[in-house]
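Visitor: Chain residues, written in single-letter form:
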Amino acid sequence: MADARAIGQRGDARLWLAGGWLLVALLAAIFAPLIAPQDPLAQDLMFERLPPFWMQGSQPGYWLGTDSLGRDLLSRLIYGGRVAFIVAFAAALAACLVGSTLGLIAGYFGGWPDRIISRIVDVWMAFPPVLFAILLVAVFGTGLSSVIIAIAVIDWTRFCRVVRAEAMGQARMDYVENARIAGYGRLRIMVSEVLPNVVPTIVALLSLEMGIAIIVEAILSFVNLSISTDDPTWGGIIAEGRLSIHQAWWVLVFPLITLFLTVLSFSQFGEGLKARFDPVLR
Amino acid sequence: MILQRFLIRLLTMAVTLLGVSVVVFVIIRVAPGNPIAMMLPPGATQADIDRLRALYGFDRSLVEQYFIWLSGVLHGDFGTSISLRQDVLSLVLNRLPATLELSIFALVIALAIGGPLAILGAREQGTVVEAGIDVANGAALSIPDFLWGLALILLFGVLWPVFEISGRVSPRLDLPFVTQFYLFESVVRLRFDLTKDLISHMFMPAVALALPLAAIISQLLKISLKEVMTLDYVTLARVKGFSETKVILREALKNAALPTLTLIGVQFTFLIGGTVIIERLFSYEGLGNMAIDAVINRDLPLIQGIVLVFALIFVLINLVVDMMYALLNPRLRHG
Amino acid sequence: MSACLDISSLSATLASGQRVLRSVSLAVEPGEVRALVGESGAGKSMIGKAVLGVLPPSVKIAEGSIRLEGTDLGTLSAKERRRVIGTKTALIPQDPLTALNPSRRVGPQMTDRLIHILGWDSGKADKSIRQLLDEVQIRDPDRVMRAYPHELSGGMRQRVLIAAAFAAEPRLIVADEPTTALDVTVQKQILRLIAQLQKDHGTAILFVTHDLGVVAKISQKVTVLYAGKVVEEADTAALFASPQHAYTRALMAATPRYTDPMASLKPVDDAVLAGLSAEIAAADQSWRAGHG
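Chains as they are written, first to last, in the working numbering: chain A, 1 to 282; chain B, 1001 to 1335; chain C, 2001 to 2292.
Calculated from the structure, these hints are not laboratory results.
Some hints could be false.
Restricting the straight-line Cα-Cα distance to at most 20 Å, the calculated cross-link-like pairs of lysine to aspartate or glutamate (EDC-like) are [as the list claims (entries may be wrong)]:
hint, chain 1, residue 1, chain 2, residue 2
1, C, 2088, C, 2032
2, B, 1196, B, 1064
3, C, 2060, B, 1134
4, B, 1246, C, 2080
5, B, 1246, C, 2112
6, C, 2221, C, 2200
7, C, 2088, C, 2006
8, C, 2079, B, 1244
9, C, 2088, C, 2069
10, B, 1226, B, 1130
11, B, 1254, C, 2151
12, C, 2127, C, 2140
13, A, 274, B, 1244
14, C, 2079, B, 1124
15, C, 2060, B, 1101
16, C, 2088, B, 1244
17, B, 1254, C, 2112
Listed next, with one range per pair, are the computed distances between beta-carbon atoms [said to hold, decoys possible]:
hint, chain 1, residue 1, chain 2, residue 2, range
18, A, 244, B, 1259, 46 to 54 Å
19, B, 1053, A, 188, 49 to 57 Å
20, A, 16, C, 2289, 43 to 51 Å
21, A, 116, C, 2097, 55 to 63 Å
22, A, 111, B, 1259, 52 to 60 Å
23, A, 59, B, 1227, 53 to 61 Å
24, B, 1162, C, 2061, 45 to 53 Å
Coverage of chain A stretches by chain B, computed from C-beta distances (three or more under 8 Å per stretch; other residues unrestricted) [said to hold, decoys possible]:
hint, region
25, 136 to 144
26, 214 to 224
27, 249 to 257
Beta carbons are placed, not taken as given, at the ideal position from N, Cα and C, and that holds for glycine.
Let the sequences and hints guide you as you build the complete structure.
Guide: Spelled out as structure tokens, the structure:
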């Protein structure tokens, strides 16, 4: 008894902390025009490589300093969140839909559908994921939708495997058997009986996937294969930071911290949700 | 019985590789854009373009192109790189050892960190120590190698520069190696000064790659150890008078490690996949780094060759892990 | 002559405070075979585990002492305690299948304690093991020692474990229902072996069992346990001749008899159970008074 409650408390703290950061970052991204102190694209070579506010040589209004073109780092970070969150939600959702559907079919029906889908998953997982993403974007062109589709195309297998395993486990359970005997169609059973039990796992995975999507986007923008416009991206800022690491370390440090916190929060949030909704612990 | 299993696996491997080659082929050949035009100077005539197209086989049907390429591969001919104007196979084989050395070094680091942590966590189960290890694992698991790499660059490249953050080896050094397996050769030739230089370049990228894997090993092995430690033969070992650490090492470890082998093998393939971006980050001259350039340059034959080699490595690792599991399990061995 | 094993007012509790061992006292003389008998869950295995220092983490010793050849185990450090247990005691476990490490050969599992804990050289250890394997009537010691546990039958595995236990020349062996997991046909054989080895080596044995038949065959003295409380203690012959406590009588009545198969099995009488519950309740009350 005491153990379950202790886990619950730890899980709650996790949920609040992680969810808190995500909310802050998301709101900042949404209200960027209102919050950002400067125009993220405005270059001012007079103010290039300014350090953050607590250091000597900083300028008021440029809280986290500027990059080598005089652009305000904080504003760029805030605006960069827009790309990050759009990609996170869209790509994760897409990967989830495709992967979960295929996984549900494979797990519940078994037989030939399972064999074909599993074979496809095997082939897909033989690709190095980052290379696959870079390949897709390079080949089909850069741009936001390209990136989203690319991420979904490489990572649907994550959902497929997990959902398949869960569905297979559930498909063997008595309540499914009973539904069959009662005369319900297989599709209906799959959706109304098996799916709800798989949902907690999917939700946790969704949160994790969002973190992964943000990383992949960051990697893509690091190699300059992400969005096609001038809009700031966290990965792009990191790429600049990497180049001027000795002269302006803050350009690398702050986007890195932001990514760290965001990715960590997504994964812990997912874990926390899963623990919350796990019927066993309840 | 092991032989039968092995042969079935080989067949599945071949099918998977075939599948990979088809997917890559389709993606690249179906892509919009004209890589041939990129290769030629602006004043090229249509005849020039057509000739080049014919040379690279773009004038045939898609299916024909695939089988031409496939038959070439089966004869050891992976085609010629468009961007580097060299034979793809030799380009790949030239860069492969660097990536292999990096990956294996990372694996060793991951085991060296994850193993002892798992044993410590199992021995101190229920205490603050185990809780601390769990928290550290949770963090390390959530953070991908890309971020670790950047953090390491900051820490050890700028803040406390003990390790190198760029390249595979110091540029001014004179290298007496005959193969591309620099690290291995440097040890064999007893050139430990070179070994030191190589390791100081490899250490950061290897650690970045290793941390997520170390966390997985630590987590999985600890859970497995804790399960095994409830079994009767472990209790008997305690009664015999062995210390908890000895009990874990002597009785529990082997039985606990086996079930984690498959999962760790899969994670190792993810580690190898991570070399693509980590090599880029650290300017390490390996296969992954070359892959990114190949993609940016739309160098179709090179891309195909590299992707196929990566897929082959992944599939081989799965095979090896599978075989190891069968061999190490005494019950399976004696059928 | 100091007792080999002297348990004095031992009480053990769960995390909730409930007692699983209720002020158990018993003393085993050197060379004596003491049966510890009771139903499942009576706590007899728990006593064995307490002596050997392998109680589950959920059970804590709340009061009392365990003395092995005069040394109070509770006053020792974990390391010292391990040493004493490892050199002076041995365990014959209940399930021979799970008590052997499936991925180690049998031989090393038998000799490892002798070499690493007792400090014998491998020659002496090997000789001793072979000698014991002969005593448990295993004719092919080479094959057995080279084998993996799953290659041996259940009976053979148990004989191996018995041999390993005696080879360490312990003062006290805790036998935790060693015949329960075996086929009926093999049980008698194993029991006879244990009895013979005990006589030959003069080892004291704390024999945990729920089977009165086993008690009659192997022990000199019996301690009867109910719900973690000692209910009766007597010489074996005396116990069977005239059991004093109602529970003991009920236990004997409940045992199917070969000589009288038509006699109906009698479960333990309600009145007896009520009496026992009262005894337990009274004991617990005074315990709570003393321990808050």
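Visitor: Each hint needs a verdict: does it hold in this structure or not?
Guide: Now the hints, each set against the structure:
A distance of roughly 15 Å separates the Cα atoms of residue 2088 of chain C and residue 2032 of chain C; the hinted pair therefore holds under the 20 Å criterion. Of the pairs offered as hints, the one joining residue 1196 of chain B and residue 1064 of chain B is violated, with about 50 Å between alpha carbons and a cut-off of 20 Å exceeded. At most 20 Å may separate the alpha-carbon atoms for a hinted pair to count; residue 2060 of chain C and residue 1134 of chain B exceed this at roughly 26 Å. A distance of roughly 16 Å separates the Cα atoms of residue 1246 of chain B and residue 2080 of chain C; the hinted pair therefore holds under the 20 Å criterion.
A distance of roughly 12 Å separates the Cα atoms of residue 1246 of chain B and residue 2112 of chain C; the hinted pair therefore holds under the 20 Å criterion. With a C-alpha separation of about 19 Å, the suggested pairing of residue 2221 of chain C with residue 2200 of chain C holds against the 20 Å cut-off. A distance of roughly 14 Å separates the Cα atoms of residue 2088 of chain C and residue 2006 of chain C; the hinted pair therefore holds under the 20 Å criterion. Only pairs whose Cα atoms come within 20 Å are accepted, and residue 2079 of chain C paired with residue 1244 of chain B is accepted, the gap being roughly 10 Å.
Proposed proximity of residue 2088 of chain C and residue 2069 of chain C is supported: the alpha carbons are some 9 Å apart, at most 20 Å. The hinted pair formed by residue 1226 of chain B and residue 1130 of chain B meets the criterion: a straight-line CA distance of about 11 Å does not exceed 20 Å. At roughly 19 Å between alpha-carbon atoms, residue 1254 of chain B and residue 2151 of chain C fall within 20 Å of each other, so this suggested pair holds. Using a Cα cut-off of 20 Å, the hinted pair residue 2127 of chain C and residue 2140 of chain C holds, with the two alpha carbons roughly 14 Å apart.
Taken as a hint, the residue 274 of chain A and residue 1244 of chain B pair is broken in the structure, with Cα atoms around 34 Å apart against an allowance of 20 Å. Straight-line distance between C-alpha atoms of residue 2079 of chain C and residue 1124 of chain B comes to about 16 Å, which keeps the hinted pair within the 20 Å bound. The straight-line distance between the Cα atoms of residue 2060 of chain C and residue 1101 of chain B is roughly 52 Å, outside the 20 Å bound, and the hint therefore fails. Under the criterion of a C-alpha separation no larger than 20 Å, the hint pairing residue 2088 of chain C with residue 1244 of chain B is consistent with the structure, at around 19 Å.
Restraint check for residue 1254 of chain B and residue 2112 of chain C: satisfied, since their Cα atoms lie roughly 17 Å apart, inside the 20 Å limit. At roughly 48 Å, the beta carbons of residue 244 of chain A and residue 1259 of chain B sit within the given window of 46 to 54 Å. A beta carbon spacing of about 54 Å between residue 1053 of chain B and residue 188 of chain A agrees with the range 49 to 57 Å that was offered as a hint. Between residue 16 of chain A and residue 2289 of chain C the Cβ separation comes to about 46 Å, which falls inside the hinted range of 43 to 51 Å.
At roughly 42 Å, the beta-carbon separation of residue 116 of chain A and residue 2097 of chain C lies outside the given 55 to 63 Å, and the hint is violated. Separated by about 28 Å at the C-beta atoms, residue 111 of chain A and residue 1259 of chain B break the suggested range of 52 to 60 Å. One distance hint, 53 to 61 Å for the beta-carbon pair residue 59 of chain A and residue 1227 of chain B, holds here, with the actual separation near 59 Å. Remark: the range hint 45 to 53 Å for residue 1162 of chain B to residue 2061 of chain C is upheld by a beta-carbon distance near 52 Å.
Counting residues of the region 136 to 144 of chain A whose CB lies closer than 8 Å to any CB of chain B gives 5, which reaches the minimum of 3, so the coverage claim holds. For a cut-off of 8 Å, the count of residues in the region 214 to 224 of chain A with a CB near a CB of chain B stands at 5, and the three-residue condition holds. Chain B is given as covering the region 249 to 257 of chain A, and this holds because 4 residues of the stretch bring a CB closer than 8 Å to a CB of that chain, at least three being needed.
Checked against the numbered hints listed earlier, the structure breaks hints 2, 3, 13, 15, 21, 22; every other hint is satisfied.
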